[in-house]
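With the hints as constraints, model all of the structure from the sequences given.
Going by this note's numbering, the first residue of the sequence shown is number 523, and it counts up by one from there.
Keep in mind that the hints were calculated from the coordinates and are not lab data. On a predicted model such as this, the values are computed, not experimentally measured, just so you know. Beta carbons are placed, not taken as given, at the ideal position from N, Cα and C, and that holds for glycine. Heads up, a few of these hints could be off.
To be verified - Below, computed lysine to any residue pairings styled on SDA-like, alpha-carbon distance capped at 25 Å: (1) K697 x K733; (2) K597 x S622; (3) K733 x D687; (4) K899 x G864; (5) K655 x T602; (6) K697 x N744; (7) K567 x K655; (8) K597 x C664; (9) K733 x C824; (10) K737 x T713.
Said to hold, decoys possible - What follows is a set of in silico ranges between Cβ atoms, one per label pair, in the way DEER data are often shown: (11) D781 x Q949: 19 to 29 Å; (12) L661 x A799: 43 to 53 Å; (13) P639 x R596: 23 to 33 Å.
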Amino acid sequence: MASPCLNYDVLLDIIARSDSHQTGLAIMSTCRLLRQEGARVLLRKTIWLDTEERLVSFLSFLLKEPKTRPQHVRKLVLSTYDLLSEVAEVFGVVFQLMISLDTLDMSDPETMIDSHPDLVFRMGLVRSLTSLKLSSAGLGVCQLLMLLRAPLKILSVCWLTPGYDCFWEYLDDEKWPRFHPTILLENFAETLEELTCDWWYVGREYEAPRKTYTKMRRLAINECSDSFILAPFIQAFPNLTHVSLRTYRHELGESVFDDFRDNHKLNITHQHTPPSAGGGVWQHIQEFSGHFVEFYILGLACHVRRLVLEDSYTGDTLALLAAALSQTCPEYFEFSTCSNDGYDGIGVLSAGLREASAAARSRLTMLVVNFRFKCPKPAMETLASAIWGIPLQLLKLVWGDRHDVAVEEFDFAAFAETLFCGMSSLQEVVVSRGRGLEPPDVTSFDRNGLSGSGTGTRPISGF
Numbered sequence: 523m524a525s526p527c528l529n530y531d532v533l534l535d536i537i538a539r540s541d542s543h544q545t546g547l548a549i550m551s552t553c554r555l556l557r558q559e560g561a562r563v564l565l566r567k568t569i570w571l572d573t574e575e576r577l578v579s580f581l582s583f584l585l586k587e588p589k590t591r592p593q594h595v596r597k598l599v600l601s602t603y604d605l606l607s608e609v610a611e612v613f614g615v616v617f618q619l620m621i622s623l624d625t626l627d628m629s630d631p632e633t634m635i636d637s638h639p640d641l642v643f644r645m646g647l648v649r650s651l652t653s654l655k656l657s658s659a660g661l662g663v664c665q666l667l668m669l670l671r672a673p674l675k676i677l678s679v680c681w682l683t684p685g686y687d688c689f690w691e692y693l694d695d696e697k698w699p700r701f702h703p704t705i706l707l708e709n710f711a712e713t714l715e716e717l718t719c720d721w722w723y724v725g726r727e728y729e730a731p732r733k734t735y736t737k738m739r740r741l742a743i744n745e746c747s748d749s750f751i752l753a754p755f756i757q758a759f760p761n762l763t764h765v766s767l768r769t770y771r772h773e774l775g776e777s778v779f780d781d782f783r784d785n786h787k788l789n790i791t792h793q794h795t796p797p798s799a800g801g802g803v804w805q806h807i808q809e810f811s812g813h814f815v816e817f818y819i820l821g822l823a824c825h826v827r828r829l830v831l832e833d834s835y836t837g838d839t840l841a842l843l844a845a846a847l848s849q850t851c852p853e854y855f856e857f858s859t860c861s862n863d864g865y866d867g868i869g870v871l872s873a874g875l876r877e878a879s880a881a882a883r884s885r886l887t888m889l890v891v892n893f894r895f896k897c898p899k900p901a902m903e904t905l906a907s908a909i910w911g912i913p914l915q916l917l918k919l920v921w922g923d924r925h926d927v928a929v930e931e932f933d934f935a936a937f938a939e940t941l942f943c944g945m946s947s948l949q950e951v952v953v954s955r956g957r958g959l960e961p962p963d964v965t966s967f968d969r970n971g972l973s974g975s976g977t978g979t980r981p982i983s984g985f
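Structure follows, in structure tokens:
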């Protein structure tokens, strides 16, 4: 066969840049060299397999000459799970040959493992994985995590099934401790850096971790149970820098407030207990994000440099926000709320800022407020009075509706000028209108007046 008109490097670059695997395969078919080297380039891309037919085609491609093709697979996304036995057998054999597989995403491994139990043992032999995402998890996933010896750095596990039930609903109480994240993931204690847990029930009792995950930095727990015992995570992940927590509930209603308060007190007590007795606090937290109720449940008793909270929209927030700020003394505070006939979110925020400890007020340099309200002038006056004396360098105000008539009529320039006159530390006031998919309208003021306006793309928490 004649050599292609374009040189090989250009053709390999086309294979690498093309979004279509078919384009790559067509180029590879032109000569032996491109067939060999093109496969290596093509397999560096993320492989998406969502049907058994595509999986069979992919396995067939890997088993062609040269036999080293499986070694070049780097990233695999697998969302097909209803496999014939012979297909599952071949997949298990080939999977073991993927010695460079770095990233694996499986949307329903449980069904595949239930139908083909041997797969969990074959998958557990892979030693190259550093990133693993598993959805609709159950007992099979637990077995995989206990067998796997790969140097995982990033792990995400969701236990909610498509039928909206959970593995934990069918587990006896006495078995829960062995499935606590700090226990189940012990194989990765030396390497794990980021952990995302969706619908992972962590139990109502304290479970002492057996290993320390020294490299763990980011923990996100989404839709966990209402109760949350913090101590095992502090002890197992002492170097954590980022925490995100979401529970089933996002409101502090009277019917559940007593339970939350008990959980809060328990977590506070654990943190104030001497380390020799299993207590202690996090020393390196850079950011916490979540609803105010989650933050209250945790009862963090340590410095948090960036605190990102969404209001619980109940009167209980008013009494607790000042205490939360006083405990964590953030330098950056972002708060999402609303003000309407039934709830004064800006009043809650202002009271919290005003009543926070002197230490907390002295450390706050950046404040971001995301909110909606009917009448901006009284709310802005209330907020302005609350931040007097705080050494803010930046204030950002984010409105959800860019076409709100009341907001359009408000004189932001005069408001910013008043703040600059009374606050010597303040360097910039940013007004952003419009949230959602469209870029917001952003106006910036500095001490010389209007400093910029237009359509902004800078994220709310990106300062």
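Comparing the hints with the structure gives:
1. At roughly 19 Å between alpha-carbon atoms, K697 and K733 fall within 25 Å of each other, so this suggested pair holds.
2. A threshold of 25 Å between alpha carbons decides the hint, and for K597 with S622 the separation of about 9 Å falls inside it, so the pair holds.
3. Distance hint between K733 and D687 is unfulfilled; the C-alpha atoms sit about 30 Å from each other, more than 25 Å.
4. Of the pairs offered as hints, the one joining K899 and G864 holds, with about 18 Å between alpha carbons and a cut-off of 25 Å not exceeded.
5. For the hint linking K655 to T602, the alpha-carbon distance of about 15 Å falls within 25 Å, and the restraint holds.
6. With a C-alpha separation of about 22 Å, the suggested pairing of K697 with N744 holds against the 25 Å cut-off.
7. Our distance criterion of 25 Å between C-alpha atoms is met by K567 and K655, whose separation comes to about 17 Å.
8. Restraint check for K597 and C664: satisfied, since their Cα atoms lie roughly 22 Å apart, inside the 25 Å limit.
9. Under the criterion of a C-alpha separation no larger than 25 Å, the hint pairing K733 with C824 is consistent with the structure, at around 23 Å.
10. Taking the CA atoms of K737 and T713, the gap is near 6 Å; set against the 25 Å cutoff, the hint holds.
11. Our hint of 19 to 29 Å for D781 and Q949 is violated, since their Cβ atoms are close to 44 Å apart.
12. Look at L661 against A799: about 34 Å separates their beta carbons, and that is not inside 43 to 53 Å.
13. The supplied range of 23 to 33 Å is met by P639 and R596, whose beta-carbon atoms lie about 27 Å from each other.
Violation of the numbered hints given earlier is confined to hints 3, 11 and 12; the remaining hints are satisfied by the structure.
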